[in-house]
Each structure stands twice: as C-alpha cells, then as structure tokens.
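Take the two lone chains and join them into the complex the hints point to.
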Amino acid sequence: MLSRVSTGGLLLASLLLSACSDEPAATPAPSYDEARARLVINHYADLALAAYSDALSEARELRGQIDALLAQPNEQTLAAARQAWRDARVPYMQTEVFRFGNAVVDEWEGQVNAWPLDEGLIDYVDDNYQAVMGNPGARANIIASQSLKIGEQQLDLSELNADLLASLNELGGSEVNVATGYHAIEFLLWGQDLNGTDAGAGERPATDFAIGDNATGGHNDRRRDYLTVVTDLLIRDLEAMVAEWQPGQDNYRAELAADSVENGLRKMLFGMGSLSLGELAGERMKVALAAHSPEDEHDCFSDNTHFSHFYNAKGIENVYLGEYQRVNGDTLSGPSLSDLVAASEPQLDEALKADLDASEAALQALVDSAASGVHFDQLIAPGNAEGAAIVNGAIDALVEQTTRIEKAALVLDIQALNPDTANHSF
Amino acid sequence: MQRLIVLITTLMLAACSNPRQEVTVQLANQVLLPAHQQWQSRNAALLDSTRAWCSGDQPLASLEQAFHQTQSAWSRLQPLMVGPLSEGNRSWQVQFWPDKRNMVARQTEDLLNEFADLTQLQLEGASVVVQGLTAFEYVLFDEQAALSDNRGRYCPLLTGIARHQLALSNEVLALWQQPDGMLETLTSFPNGRYANADEALGGILRVQVTGVDTLKKKLGTPMGRLNSGVPQPYQAEAWRSRHSTENLLAALEGAQAVWERVRSLVGDAKLVGDIDAAYKSVRDKLAALPAPLMNMVQDKANQPQLQSLYADLDALENLQQTDLARHLGIQIGFNANDGD
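Those protein sequence lines, which keep their order, are chains A and B.
Residues in the first sequence are numbered consecutively from 1, following my numbering.
Residues in the second sequence are numbered consecutively from 1, following my numbering.
Careful, some of the hints might be misleading.
So the derived list for chain A, only partly shown, Cβ under 10 Å to chain B, looks like this [as the list claims (entries may be wrong)]: (1) Ala131; (2) Ser174; (3) Ala290; (4) Gly383; (5) Asn392; (6) Ala409; (7) Ala416; (8) Asn418.
Label-pair ranges, simulated between beta-carbon atoms [claimed, not checked]: (9) B:Ser86 to A:Asp232: 42 to 48 Å; (10) A:Met133 to B:Gln122: 44 to 50 Å; (11) A:Ser147 to B:Glu143: 30 to 36 Å; (12) B:Asp149 to A:Asp67: 22 to 28 Å; (13) A:Arg236 to B:Glu114: 26 to 32 Å.
Just so you know, these hints were derived from the structure itself, not from any lab.
Glycine included, each C-beta is placed from N, C-alpha and C at the ideal position.
For reference, chain B alone in the conformation it holds in the complex (with noise of 0.2 Å):
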C-alpha cells in the first residue's frame, strides 16, 4: 500500500507543474531572504553609525536616522521571519515589547551601575532586555538617559548592542544559506520540516498572519483596548522615538510582500479584490494619522480614526487568516498571540 502511494503521488506530481511549489520557492528566493539580509545590512550600518557618533565623528541626527533604519527593517521582517529567527529567544533579542513595568530603562541603568565599563561578554550574559533595540532607543532618546551628557555612560552598551544585532544577524543569515539551511527547506521538498509546499507554504502563511495580528496587538494595545478603552500610550512600540506609526507602516509592507506573491494562487476574483482592497485601505489609513500614534491615543477626538484602522486591520486578518486559508485549504494554526 505505502508503494502504491509513492506511486502515485510521484505520477501525480509529474503530471502537473506545482503553482505552489513554484510560489513558495519565489517567496524563499525573493522575499523572505532578502528582507533578512536587509536587516542584516542596516545592521552593520548603525553599528558603523554608532562607532562614528560615539567617536566624534557624526552628529547625533546620523545615529538616530541609522537607528530608524534599523527598527523600519526590523519591523518589516517581523511578518517574513520563517524559521530560525522566531525560534528560541531571537526575536526577543531584537526587540522587548510590551514592556509595560519600563523594565528597559531599569534594568539598563542596573547594568550599567554594576559595569561602569561594560564588555561584550557582560551585555551578553544580561537579559533580551538589554540587548536590543528596545534598550538602543531608550539611550537614544528618553530624557532621562540624557545621552549627549552621558556619551561616556552610554556608549559601550550602544555600541554592544549595535554588535550584537549585528553577530545575531548574521547568524540567522548563516542558518538560511547554510546547506540544508532554511532556504532548501523552503525550496527543495521533502525535508525534515516540510513534507511538501503546502505545507511550508502553510508556515509562511502562518508567520504572516502572526505578523498581522501582532499589528493589530501594537495598535489596540495604546488605545487601550485590554484596558477598558483607556489609552496607554507608553505600551506604544516606539513610544520614545515616536516612530510608531512608521513601523506599522514597514510591517504592512512586509506582509503584502508575500500576499503579492500567493495572489495568483487564489482563483476567487472576488477574495482577491477584498484582500488587495483590505491592505490599501489599512495603507492609506495609517500614512494618514497626522502625530505619533503616542500622541494620538491620548486625544479622544482621534478615537473614531484609530477605531476605523483598527477594523480594517481586523477584516484583513480574518481574510487571509480564515477565507484565504480555507480557500487554499491550509490550516494557519496557533500563533503566539492566541491565549492573550
């Protein structure tokens, strides 16, 4: 019986091309490994921007705009990031967030009180906290850290982090490109993750609504909407640098990248009209909030705007995550957000 199976699925399979094959294997090539070796670019770029600022050789404006490049690669990665990066604690490396109790500010004056001169050694025995760019933009720019008096302070934990983003990248970039690495997982089937393209197109799939739905966590979570309606602005991602809403906008981008691809996938003209409906009505109404969404929490008169973002976040997720899925007949599965 198993034989006869083998059988017939090798004739099958010669007896079509595979679409999907063919979409996932463009995905891997053409979206997911390069906003990967993006990241890891603006990477080197802010730890070169850091070196330089805390040398003396650049205005403060050089580092805050590398940082910005940073967190906008980062944030448009986050619904692309199969395998290796959302495995184990990466990820959380990267960014801490929410970080409701200001753990960030805390536990980066404690490390800095105990390591007047800290080394790379020591940043890397301490917490994902401290790590990532959640601890960057607060040196970079809460008040309370003053960084143009305190550059002495501040800049081994800087440049530490800016190192370790940049080792952390180019580790993930490793295990794609390495052979048996995540890009033949994601082009070459059966492996020891996929047993076909449905399913590793199921996993990109899976990762991309995550990333939507932390969207829609990173929006209603300022606007208070665990909280009774009352805003929080400082659980805003990005609250310090007011880029919010600049990496909602990257993280759309990102999840359109591999809708773009899975479009010609999807027969129904109808579902394919509503999804690319859905994404350009969220575009246009996030490049349409006037202040940072910090600033835009507290004020009630917004209330309707970011209500009416917040649907249109909400109606596409649950077209890809429901209709779409059940049109390509994949099961999305758990994502880290359910039990919230």
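Chain A on its own, in the form it takes in the complex (with noise of 0.2 Å):
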C-alpha cells in the first residue's frame, strides 16, 4: 500500500494534471480495501439493527407505561408515560442517521417522526392556534369527530384504529397533518406547549385520559383509544424496519450487501452529511432560531428537544466510529469509515473524530442548558443573545463537521455524494 505522502502527492500531481488538459480525469484505483469495506458496510448494517431493536424495545416500553396511565389516570402514571417517551427517544434519535440516503427509511419514517404537525388535527388546541395557510385539516380534531369533510370526501372517523389513523396522515395533501408517529403520541403526552418562547412545557392534564366525573377535555374515550392505537401502529412501524435489517432474509439489508461498495459507502457518508448540515442544523435549529419560532421546535410538546439534537449527533458519530450504545449499556463495536479514512489519511481521520467530539460538546451545551431550566425554545427567544450564542455554536460545529465529511468522502472516491443522483447517466 501507499504511505500516505505519497498517495497525497499522486492526488495532487493528478489535479494538476487536470488543470492542463481538457480530458476529465482518470478515475484512481479506490484508495481503501475493497474487502475491508464490505465488512464496514455489514457493521453498518449491525448498527442501524441494534438501534431500531433499541427503538423497538422501548415503544413497548412506553405502551406498558401508557396503559398503566389508562388503567389510573393521575400525574405520577403520566410522568411515567412522558418518562417512557423521553426514553424512547434515545435510541431513535440516533437511527435518524440512517434515514437519509437508504431510501427504505426515508419513505417509511413519515408516518414514525413526521413533524412539525398542525396538531388541532388530532385534538383541541388554543384559540390562538397557528395552523398552516390553506391546510382544511388544520381544525379537524378528529378525537371529537365521529366523521369528516375535506373537500369533497367525507371520511367516517367512528372507529379509531391503525389504517385509520396512518390514512389521515397527510390529509388534504397536507404534510404538517401528522396523525401518527412519536409527535402524535408526544402531543397527546403533553398537549399544546402554550409559554412560547418563555420557560414551561405543554400542561396537559392526567385527567384529560380520566373517565367519570373528573373528566377533563371530553371525548375521552376517543382519547384514550387514539393514543392507545396509535402507540401500537408505532410498535408496528419499528417492527418492520427491524426486520428490513435483519441479515440473512430478502430484504433490505440484503439489497445493501448486494450493492457496489461504493454505493455503500456513499449512503453512509450521505446520511452523515444530510442530518448534520440540512436537517439538523438547518430544519431542526437554524430556522427556530432565526424566526424565534418555537412551532419550529423539534419536540415542541414536550421540550425534550435538546435531547433529540444531542442524539441526532451522535448518530452521525456512531455510523462514523462504527460504535453505538445499546439501550442496556453494551458497546458495540466494529470495522469503520474512520478505520477506512484512517488507512490512507490519518490526520484526517483525526480531524473529523475532533469535529465530531466539538459538535458533541456543543450539542451537550444545549442539554446542559436544559438541565439547569432554559430550555430550546427559550435559547430561541428574541433578544436572547446568549441562547442564540450556545444555538449558534452547535450550528457552526455541524457546519464544519460536514465540510470534513466531505473530505472524508473525497479520501474514499466518492464525489457525487447524493445516492439518489450520483449514479444518473455513469
């Protein structure tokens, strides 16, 4: 193999090579082994398996603490149930690294962590509710319809179960009408988070889950059957993702193993990049920041979205390092991009593990912060220049994170970083 010099000096010899002829330039032999990748790709697979096993667990886990709220509604079942959620929340937030780039997780997440939701879809909201212009859903509350018109349909909600539920999802075309998913269930967890920018979550109370006499809400019946169905349809929905993951079965998995290495690896670093650039920093915390707009919160029901960033990182760090921490403390571990990158550019390697441990760190300042009672959507707040200093740093620190995930990609041959794109007319 080539020292590392070397295969610099080749690298920048070809460039200038380039820079005198017209002609594209020749495509270099891959700079990693090709064997040695095939086993990443397989780990990478491990890993996206124990994390939707961890996710699966612990939606059953939340439905075991959901119904112990249905059988006694009172606040401590609830702050059990809200516990149970805040749990569940771990390991799926550090499967959303896998979302993009495998276009099986993509298509299957809306229904799983749809969001933002216009949530008077579901329930009842505050008068000053902010629905989206022109969304005929925006009011629907379907717990207290028995039936509803959208245009010229007229849907028949009388029974509330799965397909009913994972049907009214994007109703009217509507994509902020999120009927299923964690942010339904977070929503009727917690209900509307009325503080704006100022301290305090959502305030629901246990008694909107009562029957009889101390029934707050109404239509509880209705409420406790939706968020009973809607839990299970989430059991549901993790179960299949697991089994796309399992190995040696026809399923997705298998058409991973079966790809080109470089596809492979390209999904890999894709999902990296996506989450850390565009949907995290961008979507999930540029666009609250800037609006000071707390509806643009991730978990805006429950303020656990400090969390939910924290993990959405270490997503990207557990594909990188080809580590994850199960939910029962286990460590697993195996071949890495880091291992690859490191075989030809260690400095490198070492860089992006630094970036990685600085987003980290600038991810745990937004944990600390909540932990200490400021919240996301008071760092967002206007006029709050500090918040907006420690949401600025965890921005910056994915930014510079993603342009050495590039390099990273370039190490391994890979330009084109978009699977959906990077094979069109090869």
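Structure follows, in structure tokens:
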C-alpha cells in the first residue's frame, strides 16, 4: 500500500495535470481495501439493526406505561408515561442517520417521526393556535369527531384503528397533517406548549385520560383509544424496520450487501452529511432560531428538543466510528469508516473525530442549559443573545463537521454524494 | 518529501497556464461581484422610493416597481452568493421562505402593535422574518395590511426594512472588497479558504447548483410535490406580489451566468450542448407561463405544463451536479437542501 504522503502527492499531481488538459481526470483505483470496506458496510447494517431494535423495545416499554396511565390516570402515571416517551427517543434519534441515503427508511419515516404538525388535526387546541395557511385539516379534531368532510370527501372516523390513523396522515395533501408517530404521541401526552418562548412545556392534565366525574378535555374514550392505537402502530412500524435490517433475509439489508461498495459507502456518508447540515443544523435549529419560532422546535410539546438534537448528532458519530451504545449499556463496535479513512489519511481521520467531539460538546451545551431550566424554546427567544450563541455554537460545529465529512468522502473516492443522483448517466 | 511536492507543484504550475484559475478569477470579478453590487444599488433605490412614497412625493406604483427590482436583483444573486451572504443568517434577513404558518403577517402585526413608532434599533432586535423583503412584500401587497389607509402605521417599518437591507448589502460588499476579502479569496491562491482555484471553482459551482436546487423547491412546493400533489398556492415564493415566475427567471439567469464562464473548461461537446439546451428549455418554459404561479398551480389543466418545466429543471440540476462535476473532477458536496 502507498504511504499517506505519496498518495497525497499523487493526488495533487493528478489534480494539477487535469488542470492542464481538457480531458477529465482518469478514475484512480479505490484508496481503500474493498474487502475491508464490505465489512464496514456490514457493520453499518449491524448498527442499524441494534438501534432500531432498541427503539422497538423502548416503544414497547412506552406502551406498558400508557396502559398504566389509562388504568389509573393521575399525575404519577402520566409522568411515568412521559418519561418512557423520552427514553424511547434516545435510541430512535440515533437511527435518524440511517434515514437519509437509505430510501427504505426515508419513505417509511413519514408515519413515524413526521414534524412539524398542525396538532389541531388530532385534538382540541387553544384559540391562538397557528396552523399552516390553506390546510383544510388544521382544526379537524379527530378525537372529537365521528366524521370529517374534506373537500368532496366524507370520512368515517367512528372507529379509531391503525389503518384509519395511517390514512389520515397528509390529509388533504398537507404534510403538516400528522396523525401518527412519535410527535402525535408527544402531543397526546403533553398537550400544546402555550408558553411561547417562555419557560414551560405542554401541561395536559392526567384527567384528560380519565373517565367519569373528574374527566377533562372531552371525548376521553376516544382520546384513550387514540393513544393506544397510535402507539401500537408505532410498534408495528418499528417491527417492520427491524425486519429490514435482519441478516440472512430477503430484505433491504440484502439489497445493500448486494450493491457496490461505493454505493454503500456513499449512503453512509450521505446520511451523515445530510442529517448534520440540512436537517439538524438547518431545519431543526437555524429556522427556529432565525425566526424565533417555537412552532419550528422539534419536540415542541415536551421541550425534549435538546436530547433529540444531541442523539441525532450521536448517531452521526456512531456511523463514523462504527460504535453504538445499546440501551442496556452494552457497546457494539466494529469495522468503521474511520478505519478506512485512517488507512490513507490518518490526519483527516483525527480531524474528523475532533469535529465530532466538538459537535457533541456543543450539543451538550443545549442539554446542560435545559438541565438548568432553560430549554431550546427559551434559547431562541428574541433578545436572548446568550441563548442564540449556544444554538449558533451547535450549528457552526455541525457545519464544520460536514465540510470534513466531504473531505473524508473524497479520500474514499466519492465525489457525488447524493445516492439519488449519483448514478445518473454514469 | 513535503519539499519535493512543493517543488513539483511549482514546476507544474509554471509549465501550464491554468484555465480553471482564469475562469475562477473572471467569475469573481465579472459575475459574482457585479451581482452583489447590483443588489446593493437596488437596495439604495428601494430606500429612496420608500422615503419618497412615505412623504407623499411618489405614487405607490413607483414603490412597487422599486420593490420588484430589488426582489429581482436578490433572486438573480442567489445562485451567485458565494461567501459572506450565505453565511450566518444573512440571506434569511433578506427573505424568509417558505413561510407556511404565515409568520410574516403575525410577527409584523405583533411588532407594530408593540412599538407604534418603530425605531431602527427595535427592528434590528426583532426576528429576521420582519427585517426583509418578505415582510416588505406583505405590507405592500397584502389586503390585510391595507397600506394606503395605514401609511402612518407601516411607514416606519418599510423605511426600517429598506434601511436594514441597504446596510446589510453594504456590509456584504465590504466583506467582498476589503483586503483579504472574498474577492481576493477567489482570485489569489492559496488562502485560508481555498488551497487552489479548483477548490474555489468547486465552491462557486456548489452555490450555483444549490441555487438551481432551490429553484426546483420554489416551483415544486406550490405544485404540491411535498403534499401528495395537492397544490399549495400560499407556499409559492412571492405569492402576494404575484411575481414568483419573474423571480425564478432572474435566478435562472444568475445560474446561467456561471455556466457561460465555465463552458470553456468543458471538452465534451455533447455535455456542453446538453447543458446549453437544458438552460434554454427551462427559460423558454418559464417565460411561457401565462399566469402567476400561485394561480397556475390551482388549475389542474396546468399540471402537465408545470410538470414538464419541473422535469427540465431536474435534468438541468443533474447535468450540472453530476455530469459536469464529474467531468471537471470537482466534488459538489452537501447543500442545505439535502435532508429535506
């Protein structure tokens, strides 16, 4: 194998040569060992399997706590259900790095983690509720309604079951009509956060799930049914995704293994970079900060956004390092992108690892702030310069890290990063 | 070893002229900087017009015209905004789109309810949503604002936004033209940002490709591509001023200005022909749209025409992002739209 310095020299020379001619540069042989790269991709699938399996087992835990809440609706059982939801997010948010790049996940995800939502579709909302312009389902209130008319369509809502809820997603064509998934459950457990950019999350009382004299909210039978059905659907969806990543079966994992090494590595890197830049730094932080808009906060009902962001970033790090700490505390580790990059450019590998550490530290600042009582929706308040600095610190670290991910991709001979377009007319 | 590489590099640089560096320098001096200057001068004109209308010296039509010209300069600039304007939240201070929840109306009215006689300082402390052209457009064109009857309420805001835009463009221009500024960064290598002209050219192409990708988004979102094909007219950019199509044309022109310079670097005649044809086709189809985009998307009969335009934009993006980048051996990298 060529030493790092001589490889670098060759690369430089070939770039300069190409600058002198109109001919496109010849494609060099891959800078990595192909058999080794296959192991990296296989281990990537192991990481996905472990993370989705953990998300599934935590969703089942959540279902158990919801049973307890519905059996005895009080502030303790509601608090336990909310904690189970928070716990369930820890592994799930670490799976999101698999979403971008793997179409099988991206197409499935809408029913599981769609956001932001016009929650008036699901249940009662405050008079000052701000929905998306022109959304016909914005105040549908499924829980309070036996039927619903959208345009020419008359929908029967009398029996709340999984298929009905799934069919109500994107009702009337609006992407903010989200009837299912983590955020629908979050809204049911917390209710609307009416505090804007001030302290406090949603304050739905446990009595919204009670039946009898002390019941609040109205239509409580249906609210209870909704919560059960929507959690069962989440479990069913997670089971399906776990099955896609099982080894030795006719599933997505088999497809990934049969595809070229280059495409496998591309998917890994595209997932890391897209989550890092466009989704986490952009959609989930910059939009909310620049517009001071708590409606654009990711976990806007529960104010758990700091942990969602932290574990998103952790997922990116997991894929690069080939590591994942399971919910039971075990650590899964194996062949990694880091190994492949280090084999030809150890300095770049070190720099990217340092970037990932820096991002983790920057996101830890969001977690620490929340622990001291200042949550994400307060950090983005108008005039909160200190809060803006914390959020901007996280955004900047993710942007920096993305640039380094691009460099790592180049070391692995991947120029076109988007798997949707990478093979176009090659 | 390091010294040897430096020696080889120097020899090789001397051995050939570097057309990529020439093109990069031309792009910086003749395309990117002038587009920023044009934007700045439109902002200056918008401030003059705003003051004139607010003091009763100009008809509203003149102010509307000045607004359209500013919007157009900004649209043309988007595929060209390498460096300062694309950093921090500067570009969002110019325009806030998409605004699905009508935040612009809500935040504008809230701000004016809180501060009856809005000062520049109060505006600077507010959200980007009320500092830019989107809020200006709301005040100018939305029936809810009824501007002609409420000059006193809205003039401090309009003047404040125009002043903010001019100050922002002055700041960005300074960052281009100062010593070690963006212009120097794109014309003299190596520097802190780019090791060589190839990297700088890659940076320019990335912004340009992102610009074309954003065009797709601005067309596809109101068409309902994110919403099971159900049209979303209020998610059209500039729906209030009914100028979405004009803006798309201006942005396409900006993107094409980059291609016009890069073309000389491409040895593959078929690729050159394909990209030229793709630009022409998108431009012709855009120019042929008979009505404002927000109206077009609401009539099913227009779907084929819009779909065909979208397909052409998609083809143009792929030709540049994949085929051109590969031909030039340049990595385009991630853009802010990945992940949506």
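Can you name, in rising order, the numbers of the hints this structure does not satisfy?
-> The structure breaks hints 10, 12 and 13; every other hint is satisfied.
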